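Starting from the known structure of chain A, arrange chain B on it as the hints suggest.
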Amino acid sequence: MSAAATAWGIVVRDVIRSTRQRSRLLSGLARPFIWVFLVGAGFNGIARLQDGMSYQAFAYPGGVVMAALFGGMLTAISTVYDREFGMLRLMLASPSGVGAVLSGRTLSAALVGSMQATVVLICAPLAVHLTLAQYAAAAGALVLVSLVSGTLGLLVASRLTSVENFGGVINVVLFPLLFLSGALYPTAGMPPLLRAIARANPVSYMVDLMRHAFGQGAEFSLRLDLAALIGTAIVGFGLTALLFDPEQRFVGKKPSGEGRLTAVVQP
Amino acid sequence: MTPGPEGADAALAIRAEGLGRDYGDTRALVGLNLAIRAGALVGLLGPNGAGKTTAMLLLATLLAPSRGRASVFGHDVARERAAVRRRLGLVFQEPSVDGLLTVEENLLFAARLAGLDGQAGRVAVRATLHRTGLAPRARQPARQLSGGWRRLADIARATLHQPELLILDEPTVGLDPEHRDRMWSLLDTERRERGATILFSTHYLSEAEPADRVVMLARGEVVADAPPFALRSGLGDHIAEVDGDGADALISALSDSGVVVVAQRTGRGWRVGVRGGGEVVTERAAAVSGISRLSVRPPTLEDVYFARTQVEVES
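As they're listed, the protein sequences go chains A and B. The working numbering numbers the first residue of the first sequence as 1 and each following residue consecutively. The working numbering numbers the first residue of the second sequence as 1 and each following residue consecutively.
Please note that a few of the clues may not be correct.
Said to hold, decoys possible - Quick list of simulated restraints, FRET-style, between CB atoms:
#1 A:D245 with B:Q162: 48 to 58 Å
#2 B:Q162 with A:L132: 45 to 55 Å
#3 A:L38 with B:P141: 31 to 41 Å
#4 A:L224 with B:R139: 43 to 53 Å
#5 A:V119 with B:D188: 50 to 60 Å
Claimed, not checked - Stretch-level coverage of chain B by chain A, calculated; a stretch enters the list once three of its residues show a Cβ under 8 Å from a Cβ in chain A:
#6 58-69
#7 85-96
#8 108-121
Treat the hints as calculated values from the structure; they're not laboratory data. Nothing here was measured: the structure is a model prediction, and the numbers come from that model. A virtual CB, placed ideally from N, CA and C, is assigned to each residue, including glycine.
Looking at chain A on its own, in the form it has when it is part of the complex (with noise of 0.2 Å):
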């Protein structure tokens, strides 16, 4: 009961935070609008794809999954913020332990990155025509893909020492695990070596899922996607928990030394 509480309390303040931060809530959103409806604007008359298909409407389900994966995966790096800022250190004083504390930060990642792209996802009929069914389809889709953006982010952010690294992070871990991922263009025409890697890319099994939910043409079986993205998840949130490290605050933050030394005299 105390850990669900501790979690729930996680995920409620997570979640404050993020309607707060208006900024980043926008650039959030408008990162696959942009792609979608600019970059793919240019793409549409030189992409060419089967079945006659727009490439807006082939970028779509990758928006979506975009949204998610950033909106997720940055919510749960930024509890590199709340150890530099020390509210990750109020959160593991509970009395629930690191567990419900690693499991309230998923959760609100997930959460978070479900609430970016389920806007993204309500405009799908700017660009590509849904079915109802589809549309429950891609929302249950949508929650496997928050959760598992959120379990990779807490997965980054336990090895992440400080707030420098974050920028680095998005250029060194989000853009590549996107770009080859089949998100943007098929990974049909990419090099082996680079369509191998999208094979081994958790992100390929989250567009794959969405074109699925979509009704687009899929790289792999349905039964494929699922059992990769729970994999990851679970194995996401094992091995957070082994290299994520309750002392780290601390420790980081060693005792400067000695006093100040002066000379005492006994007489």
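Okay, now just chain B, sitting in the frame of chain A:
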């Protein structure tokens, strides 16, 4: 269900035996021996890097000990962390308040972390807001609070689940006298009305005067552990501060007369603790030339601090 504490340890709020912690090659805390009775107010003093924060984090279960053991109300800090944390309210050196949340939201967050959800959490938050005087600021984002009110919000957060033990690491640092006074009033109420045990560290030594006991740390070791009056009287009846070229001669004369309890070289001259009235100092000073400043006054905890925490180089 957590098993209850057993034996004599249960009567003590804190017991530590040889509790120590290393950071790599650095011995932050060598071996802390401590027994604090329930309901006591205990000050932990010492220079920066003396091991105060490490000792507090160890007792709060947030660091694992490198050696020794400790218990809080009979519960081992290494093996029964959840049981210890349920009895604990913590205030860290830097405020732990989320600036994007309102004061009320911060307290609700803290209530949930303490396991108080739903109606129980809301009732505890409402009561805490009124008790701490934060009610008029409940809907204000914490980032808009002054440093003093933010610190009080921190105290409110640490006390809302009515912990039996409060551990406060320099809770008054950076506060103006009005907020310091308000904070100590709140903590005094926690002791009087609920019998809470309080372990605090501070660099404002006068704040430790009302404590039942003062524990001084230096270089990771306890160098003094007694009530403030006992520590003060250990330095003699008066403290004389002497500056000028003739200071050495005066100290020598006082030493010959056998009244000096402790003498300590300062940046400008000497600080000596003497037995008996202060007249003996002024009489001897009149016979020595080159004294640019002489003050004689009763000992304070600051004198004890300097005498006990600095390294002995001669004896």
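Verification of the hints:
no., hint, in the structure
1, A:D245 with B:Q162: 48 to 58 Å, "violated (31 Å)"
2, B:Q162 with A:L132: 45 to 55 Å, "holds (52 Å)"
3, A:L38 with B:P141: 31 to 41 Å, "holds (35 Å)"
4, A:L224 with B:R139: 43 to 53 Å, "holds (50 Å)"
5, A:V119 with B:D188: 50 to 60 Å, "holds (51 Å)"
6, 58-69, "holds (count 5)"
7, 85-96, "holds (count 8)"
8, 108-121, "holds (count 11)"
Going down the numbered hints, you'll see the structure goes against just number 1.
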